[in-house]
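On the provided structure of chain S, position chain P as indicated by the hints.
Chain residues, written in single-letter form:
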Amino acid sequence: MANDIGHFFRTEPVREDAVAAIANHMSKYWTRRMREKLRAYLARTAGGSGLEDLPSEAFQRLEP
Amino acid sequence: MLSIVEKDLGTPAREGTKLVTLTIDGTEVSVPEGTSVMRAAALADIKVPRLCATDQLEAFGSCRLCLVQIEGMKGLPASCTTPVAQGMKVTTQNQQIADVRRGVMELYISDHPLDCLTCPANGHCELQDMAGVVGLREVRYGYEGVNHLAAQKDESNPYFTFDPSKCIVCSRCVRACDERQGTLALTIQGRGFASTVSASQDVPFMDSECVSCGACIQACPTATLSEKSLIEKGQAEHSITTTCAYCGVGCSFRAEMKGEEVVRMVPNMDGHANHGHSCVKGRFAIGYATHKDRILKPMIRAKISDPWREVGWEEAIGHAASELKRIQGKYGVNSIGGITSSRCTNEETYLVQKLVRAGFGNNNVDTCARVCHSPTGYGLKNTLGESAGTQNFDSVMKADVIFVIGANPTDGHPVFASMMKRRLRQGAKLIIADPRRIDLVRTPHIEADYHLKLRPGTNVALLDSLAHVIVKEGLVNEDFVRARCEIPAFEKWRDFVSQERNSPEAMESVTGVPAAMVRGAARLYATGGNGAIFYGLGVTEHSQGSTAVMGIANLAMATANVGKEGVGVNPLRGQNNVQGSCDMGSFPHEFPGYRHVSDDSVRGSFEKAWGLTLQSEPGLRIPNMFEAALDGDFKALYIEGEDIAQSDPNTQHVTAALTSMECVIVQDLFLNESAKFAHVFLPGSSFLEKDGTFTNAERRISLVRKTMKPKSGYADWEITQLLSNAMGFPMSYKHPSEIMDEIAALTPTFTGVSFARIEEMGSIQWPCNPQHPDGTPTMHVGEFVRGKGRFLVTEYVPTEEKVNARYPLILTTGRILSQYNVGAQTRRTENSLWHDEDRLEIHPHDAEERGIEQDDWVGIASRAGDTVLRAKVTDRMQPGVVYTTFHFPESGANVITTDNSDWATNCPEYKVTAVQVTRVNQPSEWQKRFREFSEKQEELLRQADATLAAK
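Heads up: the sequence lines are chains S and P, in that order.
Everything in the first sequence is counted per the numbering used here, starting at 592 for the first residue and increasing by one.
Everything in the second sequence is counted per the numbering used here, starting at 6 for the first residue and increasing by one.
So here's chain S without its partners, still in its complex pose (with noise of 0.2 Å):
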């Protein structure tokens, strides 16, 4: 679902606006234990996730 998400924002030219934009979805629709779930997800498969650019890097600005 987060790819899903970065799909949606990876048109927006300004790449920080994009990251901006999907950290934002993330805080404002997801719930604690989504973002913990992905969060422990990560961590079990850390460099192999398949979680791309744009929503990891969004990911990781987002309190835990």
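Honestly, I wouldn't trust all of these hints.
If you want the ones that stay clear, here's a sample from chain S, every Cβ over 12 Å from chain P, calculated [stated by the list, open to error]:
(1) ASP608
(2) ARG630
(3) SER640
Cross-link-like lysine-lysine pairs, in silico, DSS-like; alpha carbons within 25 Å at most [as the list claims (entries may be wrong)]:
(4) LYS711/P - LYS302/P
(5) LYS619/S - LYS386/P
(6) LYS793/P - LYS619/S
(7) LYS263/P - LYS238/P
(8) LYS793/P - LYS497/P
(9) LYS158/P - LYS233/P
(10) LYS335/P - LYS628/S
(11) LYS569/P - LYS23/P
(12) LYS238/P - LYS619/S
The set of hints was computed from the structure by calculation and includes no laboratory data.
Note that this is a predicted model, so its numbers are computed, not measured.
C-beta atoms are modelled at their ideal positions from N, C-alpha and C, and glycine is treated no differently.
Below, chain P without anything else, positioned relative to chain S:
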């Protein structure tokens, strides 16, 4: 037969500011230009006898009973077809007129059965009334001549009888079918004395094109067309105005009653959404409310393999609250949640979300709009600034180009479809984007100018290519965009859609729609005058549902088709209160009025009103609840009026989640599919048993009025209140109007709404506040709700649900006219005579390739599961695409659909599932298990009944 409380003025009203003054029987009357003499007389309380005239229909001038004398005019003109003129002097009563009228009545009565005392229309028959009015005392012709008295009744329709022996051939039924419904199923066959009303080419009504909307019955001045319920029960004694509980059109009805028994439902001529029209569901399909399957006593059980035990309300509520508290104590505050329903009132929905946020102490509340129109809320909020449609339904009568995408209004929203068809017959142009050849593509006197027969899942590609043409061919309304929209966002969008990869030619291989058609449709929409877009779940229920909604809003803004009548972005809501349930804060991230839970000021206002601290984090959406349940973190669910086990995708995933919970509380009319997994059943109330409000697709808030006491003892809002009190969060509302007062006090778009105000106005379209004291029929006039309209870039991203050699076809799902949603209501009515099973529609080519013939049993297998249905081979489908409805639980339509969902809202991608279809000769394994489980659950229910009987 018109409602017992409505006054018929003979001919329709005429709009216009120019008044004409005339004199009728010495009384001066001023009426709008174009008004008939008959209506002008009625407005002056002067009754002119009539039979073929009714203000539901245009004047016809056939019965010759309404003749009047007009100074300076020859003969006796018909008052229904004669328009008023300045200074006209009309005489409605004198000896000459009386003689003619009496003679006309003699002719009518000479060929009419004299069975008034046993006739169902007795006391409310226009022919009987007119006989009295003209002073008929004899029929000089006798009754022995050639007549129609032996004509046979047509009883084929389950809801009404056609008795041609009582017919006076006034053509009101034929005209109603033409003018109001637009189906043109009826005609007058034969000539002169042999003229008779005929359904289609003289076939029984059930075999004709008739859609049983009931307009002909309402128009009939005699008992020729009568409801069977009226024949059985007799004339009603009082009438209560209420709002239909079916689709998002929200028709106003008069429930005509005898005591607490509904005799018949008659659409309200003053209804602001439906103007006196109805469909087969709203008018007739109310038998479910008194169906034997209704459960009227609370029940509890420890495990879903246990028999149900009927208990009193106190024990049921106490047990439910105790379980919820036990589970929170063991698994944490976030381990429980609730689901509101679009079939419940605003007040009930508001209370459930309040119970969850305040009583449960979390934001784990969601609604069935999650699986239908959640992308509408997201997409429109982010572009136009408000999560709602922009117009009222009447606006379509000023549209010049109607663009229907992903909606099937003649089946899903039939009363609005009739209005739309009326506008189309007046000459409005029509663009349809739909993978199937829906009825609206070609229907009597209507043919779509463009049917863009796209492949399922390619809406965004199509919308982008339409936008490409509009931009590249200079069809953008630059003045509007400059004045009303954010320019940097527009430029970004313009540059994006201008790219060659978004051209119709480049997208043709994706959408399957010939580029020339896309270009033609884009030009028509952009330049054809007022362009109005209507869309439904064919837009939202996709992995790019929210993106498509934004794409639609972009098109409307680019062409200045927002902010005035005749245009707009119009989501056609599936259920009666989808709009309302969303407005009422049913989503886990929003309070009522679409305000985020993290907004300290908004949250503070609710904390102050409710007297406690609320969570600032979004709660679980329905799919999150399922995942959490399967992970062991979510253990209890309170479901009011929703059937997730049938309506949500990937049924096996849903039922596994329900099975893993320790306490499922279902509040419903019936032991629905979800209730088979429940531990507590709280018997709910139908819309006839409670007060409240529904908000339809045009943001119109209408009153639902109680016609009878709740059969289980409590209305749904009272049950939620009992549960809340037992949970320790006190509620003490005495009436739903007090709940609405609280909603108004806490929601800026509702501050002017109250039951008293709705009563006074008939209905109110929100926003209704000091800025819009009488409500808001058209939104975004002069300025968008968010200030400047925001274009958003909508790149087409193909769904991950791909066809391949194993699953080469795409399944898409939808509804049919006679059934409603999961069918819990309509399956328990005679509507099943039209549709008694879900079928798989398949193109002849695909069928032939697989050796499938009409009515064969076919297996449908997807990556999620498989099921078996009977085939309906039809060229309505395009090759490569199959379709089914989802009204019957045993069909397992959602066993096949997958977990794919909209990127922004998790709305399921019901409309795209890759499948294979093969001929089979037995039910699927899931269906066998389903049947076994259902039989077991029904047995456990019977055991509860037996225990009670033994007591």
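Outcome of the hint check:
Listed as a non-interface residue, ASP608/S fails to keep its Cβ farther than 12 Å from every Cβ of chain P; the least gap is roughly 10 Å. Non-interface call for ARG630/S relative to chain P: holds, since the shortest CB-CB distance, roughly 15 Å, exceeds 12 Å. Non-interface call for SER640/S relative to chain P: holds, since the shortest CB-CB distance, roughly 17 Å, exceeds 12 Å. Of the supplied pair hints, the one linking LYS711/P and LYS302/P holds, its CA atoms being roughly 20 Å apart against a limit of 25 Å.
In summary, the hint linking LYS619/S to LYS386/P is supported, as the alpha carbons are separated by about 14 Å, within the 25 Å threshold. A hinted pair counts as satisfied when its Cα atoms are at most 25 Å apart, and LYS793/P with LYS619/S qualifies at roughly 22 Å. Taken as a hint, the LYS263/P and LYS238/P pair is honoured in the structure, with Cα atoms around 9 Å apart against an allowance of 25 Å. Simply put, LYS793/P and LYS497/P have alpha-carbon atoms about 15 Å apart, close enough for the 25 Å limit, and the pair holds.
Between LYS158/P and LYS233/P, the direct Cα distance comes to roughly 12 Å. Compliance with the 25 Å bound is thereby established for this hinted pair. Between LYS335/P and LYS628/S, the direct Cα distance comes to roughly 21 Å. Compliance with the 25 Å bound is thereby established for this hinted pair. A hinted pair counts as satisfied when its Cα atoms are at most 25 Å apart, and LYS569/P with LYS23/P qualifies at roughly 24 Å. As the CA atoms of LYS238/P and LYS619/S are separated by approximately 56 Å, the hinted pair breaks the 25 Å bound.
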